[in-house]
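Q: Sequence:
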Amino acid sequence: ENEAIADLLGLASGVLEAVKGERSQQEIAWAAREWVERMAHDQPLVLAFEDIHWAEDALLDLIEHLAEWVRDAPLLIISLARAELLDVRPGWGGGRVRATAIELEPLGREESEELIDALASNGVIGGEAREALLDKTEGNPLFVEETVRMLAECEGRPLSEFAQRIPDTLQALIAARIDRLPPEEKTVLQHASVIGRTFWGGAIKELTAEFEELESVLETLLLREFLVPELRSSISGETAYRFKHVLIREVAYSGLSKSARADLHARFAHWLRERTGEELLEIRAYHLDQAAALIAELEGAPPTELAHEAAEALEAAGRRSLAREANRSARKQLLRALELEPTLERRYQAARAAWRLGDMPVVSKEMERVRAEAAEQGDRWCEARALSALSEVALNRDADVDEANRLAALALDVADGNDYEPRFDALHVLNTGAWWRGRLTDSERYARDQLALAQEAGREDLEARAAVDLAGVHTARKDYDLAAPLYARALELAEQSGSTTLGVSSRTPGLSTKKQESPRCSGACSTASGWSPGTRETSIEPNA
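Counting from 225, one number per residue, gives the positions in the sequence shown under this note's numbering.
A hint or two may mislead.
Below 25 Å or equal to it, Euclidean Cα-Cα: the simulated SDA-like pairs (lysine to any residue) are [what the hints assert, rightly or not]: (1) K410 - A433; (2) K410 - S457; (3) K556 - H494; (4) K468 - R295; (5) K556 - A282; (6) K429 - W495; (7) K556 - A517; (8) K360 - I390; (9) K468 - A307; (10) K556 - F273; (11) K556 - L286; (12) K468 - L284; (13) K410 - A484; (14) K410 - A376; (15) K429 - R456; (16) K556 - L284; (17) K482 - R497; (18) K360 - D403; (19) K556 - G582; (20) K468 - G363; (21) K429 - E503; (22) K556 - R313; (23) K429 - K468; (24) K468 - E362; (25) K556 - R485; (26) K410 - E449; (27) K410 - L446; (28) K468 - L283; (29) K360 - A400; (30) K429 - L447; (31) K468 - L447; (32) K556 - G479; (33) K589 - Q601.
DEER-style ranges, computed between Cβ atoms [said to hold, decoys possible]: (34) A376 - E334: 21 to 27 Å; (35) R306 - A547: 27 to 33 Å; (36) A547 - D359: 51 to 57 Å; (37) R306 - D403: 22 to 28 Å; (38) A520 - A547: 46 to 52 Å; (39) L310 - R604: 46 to 52 Å; (40) R604 - E680: 14 to 20 Å.
What the hints contain is simulated information worked out from the structure, not anything from laboratory work. Every residue, glycine too, gets a C-beta built ideally from N, C-alpha and C.
Work out the full structure, taking the sequences as your base and the hints as a guide.
A: Given below as structure tokens:
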């Protein structure tokens with residue numbers, strides 16, 4: 225179990241590039257919950273998530289999962305967000321058990337004055353400067369903090385001179401502070417802003433190779449509190465830094481021209497690949513995409529080489545997202561890859577992501593286009609997969625068994641002999657269709673074909689699925705002695721693969737059979753109720 229948790233958390237963080245089969249978002253959530261509970265075993269644990277209004281759906285789902293499922297451990301989750309988070313997660317505004325939404329109101333005048341006195345360590349800010357500061361900042365703590373820092377940089381000149389020139393907005397104030405920096409410091413800050421809220425010393429050295437005293441420049445920016453040191457770096461051997469506030473990063477970024485941004489995004493992406501390989505693939509894909517988009521705004525289209533590189537990275541990131549069942553992210557990445565450089569396989573992968581999201585009208589339309597183009601180009605790989613997917617749409621959306629069987633049969637005819645996956649999926653559709661019609665002899669034949677195909681391919685994940693399907697036929701006939709070893713084999717394969725989802729699907733039918741027809745009913749119920757709650761988090765909750 226320890227190895228499974230480490231494996232899944234490594235996959236979630238991008239440390240692992242490939243695993244056997246596909247690991248679901250539910251499995252990663254289970255691993256995160258186990259990790260949190262173990263961390264909180266010895267002492268209370270606080271998890272803080274900042275600026276989650278920009279977070280991907282997968283992260284928001286994970287936070288919800290932890291809040292709902294971690295019940296017996298001393299855990300406090302703090303999520304900081306702007307109000308626009310409620311546009312996508314309206315339920316986060318309240319109405320949840322063990323959850324509270326706290327709206328941060330502006331500071332009162334007395335509180336603002338206390339903050340000014342606490343920050344003005346080099347002397348008292350009073351008179352006209354104090355009044356102007358209080359009026360302009362309107363109780364915004366960050367505005368107060370940045371204004372005090374600006375006044376501290378007056379270098380002995382009268383505060384009243386600067387008090388009259390306090391900008392009307394926080395963004396303008398930060399921009400004014402950045403503009404007063406020496407050229408080297410301003411350049412480093414702006415180049416770092418292209419990388420993101422967190423960045424690495426090696427990357428800045430790559431982007432600002434002309435500066436010999438980079439370390440001293442970074443130290444000065446730390447002293448001026450534009451930056452703070454990051455305690456942990458996600459890149460081994462690299463010192464990490466972070467903008468003290470996301471607005472500082474946004475303002476620094478806005479000071480760059482689009483052409484400069486595009487160049488820096490591309491250069492950082494190349495450094496990241498040299499430094500980390502495919503470990504941080506999604507980040508590299510994002511920066512290449514940004515570079516391509518910015519040049520397209522300026523010139524109408526990105527250079528062919530850049531578009532190709534960005535599309536390849538986005539496609540690879542999309543495939544990785546699909547493997548983790550981060551399907552919304554996968555859909556966005558694959559559609560963008562398709563836009564930059566259309567290929568038939570990318571069109572198929574984008575349609576596959578829509579299928580994972582359950583958007584059947586889109587799946588039907590896009591897979592039909594994939595099928596037609598694949599047939600025209602003689603691409604049997606894509607055509608077989610499109611036909612297999614269309615057969616599932618016909619079966620599971622339209623309940624049209626005849627059409628599903630027709631499309632599945634076509635998929636079997638088109639697929640090459642060593643192309644196992646679409647053949648397996650087509651046989652599964654034929655198996656299910658026969659089951660629906662009560663034709664158990666046909667269903668058994670298709671299930672045995674699935675099993676033979678999976679064993680020939682050496683795919684233990686497919687073998688486990690086929691074993692469950694075949695055991696289901698025996699169970700329907702009440703041939704429990706034949707079903708039991710198949711369920712046991714499926715469970716053995718599932719445990720070897722480390723797949724929680726597959727493990728539960730392998731356990732559940734066998735226990736249900738024992739419950740209904742066997743004197744071992746109490747044993748079945750006891751076993752089911754003893755499973756970790758993680759098994760129920762896979763959306764396959766056993767009916768113990």
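Q: With reference to the structure, classify each hint as holding or not holding.
A: These are the hints, each one checked on the structure:
The straight-line distance between the Cα atoms of K410 and A433 is roughly 15 Å, inside the 25 Å bound, and the hint therefore holds. Straight-line distance between C-alpha atoms of K410 and S457 comes to about 24 Å, which keeps the hinted pair within the 25 Å bound. For the given pair, K556 sits about 22 Å from H494 by alpha-carbon distance, which is consistent with the 25 Å threshold. Annotation: proposed proximity of K468 to R295 is violated, straight-line Cα distance about 33 Å (limit 25 Å).
In summary, the hint linking K556 to A282 is supported, as the alpha carbons are separated by about 13 Å, within the 25 Å threshold. Taken as a hint, the K429 and W495 pair is honoured in the structure, with Cα atoms around 10 Å apart against an allowance of 25 Å. At roughly 15 Å between alpha-carbon atoms, K556 and A517 fall within 25 Å of each other, so this suggested pair holds. The straight-line distance between the Cα atoms of K360 and I390 is roughly 7 Å, inside the 25 Å bound, and the hint therefore holds.
Taken as a hint, the K468 and A307 pair is honoured in the structure, with Cα atoms around 21 Å apart against an allowance of 25 Å. Proximity of K556 to F273 is assessed by CA-CA distance (about 23 Å); at most 25 Å being required, the pair is judged to hold. Using a Cα cut-off of 25 Å, the hinted pair K556 and L286 holds, with the two alpha carbons roughly 19 Å apart. Among the hinted pairs, K468 with L284 is consistent with the structure: their alpha-carbon atoms are about 23 Å apart, no more than 25 Å.
Our distance criterion of 25 Å between C-alpha atoms is met by K410 and A484, whose separation comes to about 14 Å. Straight-line distance between C-alpha atoms of K410 and A376 comes to about 18 Å, which keeps the hinted pair within the 25 Å bound. Between K429 and R456 the alpha-carbon distance is near 19 Å, which keeps this suggested pair within the 25 Å criterion. At roughly 17 Å between alpha-carbon atoms, K556 and L284 fall within 25 Å of each other, so this suggested pair holds.
The hinted pair formed by K482 and R497 meets the criterion: a straight-line CA distance of about 23 Å does not exceed 25 Å. For a cut-off of 25 Å, the pair hint linking K360 to D403 stands: about 20 Å separates their Cα positions. Distance hint between K556 and G582 is fulfilled; the C-alpha atoms sit about 15 Å from each other, no more than 25 Å. Taking the CA atoms of K468 and G363, the gap is about 19 Å. The hint holds against a cut of 25 Å.
Pair hint K429 plus E503 holds up; C-alpha atoms about 21 Å apart against a cutoff of 25 Å. At most 25 Å may separate the alpha-carbon atoms for a hinted pair to count; K556 and R313 meet this at roughly 19 Å. Pair hint K429 plus K468 holds up; C-alpha atoms about 20 Å apart against a cutoff of 25 Å. Taking the CA atoms of K468 and E362, the gap is about 21 Å. The hint holds against a cut of 25 Å.
As the CA atoms of K556 and R485 are separated by approximately 22 Å, the hinted pair is consistent with the 25 Å bound. Proximity of K410 to E449 is assessed by CA-CA distance (about 13 Å); at most 25 Å being required, the pair is judged to hold. Using a Cα cut-off of 25 Å, the hinted pair K410 and L446 holds, with the two alpha carbons roughly 13 Å apart. About 22 Å separates the Cα atoms of K468 and L283, which keeps this hinted pair within 25 Å; it holds.
Note on K360 and A400: the hinted pairing holds, with a Cα-Cα distance of about 15 Å set against a maximum of 25 Å. A hinted pair counts as satisfied when its Cα atoms are at most 25 Å apart, and K429 with L447 qualifies at roughly 19 Å. Between K468 and L447 the alpha-carbon distance is near 11 Å, which keeps this suggested pair within the 25 Å criterion. Of the pairs offered as hints, the one joining K556 and G479 is violated, with about 28 Å between alpha carbons and a cut-off of 25 Å exceeded.
Taking the CA atoms of K589 and Q601, the gap is near 19 Å; set against the 25 Å cutoff, the hint holds. At about 22 Å, the CB distance of A376 to E334 agrees with the hint of 21 to 27 Å. Hint check: R306 to A547, Cβ distance near 31 Å, so the stated range 27 to 33 Å holds. Range check, A547 to D359: about 55 Å between beta-carbon atoms, so the 51 to 57 Å window is met.
In this structure the hint that R306 and D403 lie 22 to 28 Å apart at CB holds, the actual value being about 26 Å. A520 and A547 have their C-beta atoms about 29 Å apart, which leaves the hinted 46 to 52 Å range violated. At about 48 Å, the CB distance of L310 to R604 agrees with the hint of 46 to 52 Å. Checked against the hint of 14 to 20 Å, the C-beta distance between R604 and E680 comes to roughly 19 Å, which is consistent with it.
Taken one by one, the earlier hints fail for this structure at numbers 4, 32 and 38, listed in ascending order.
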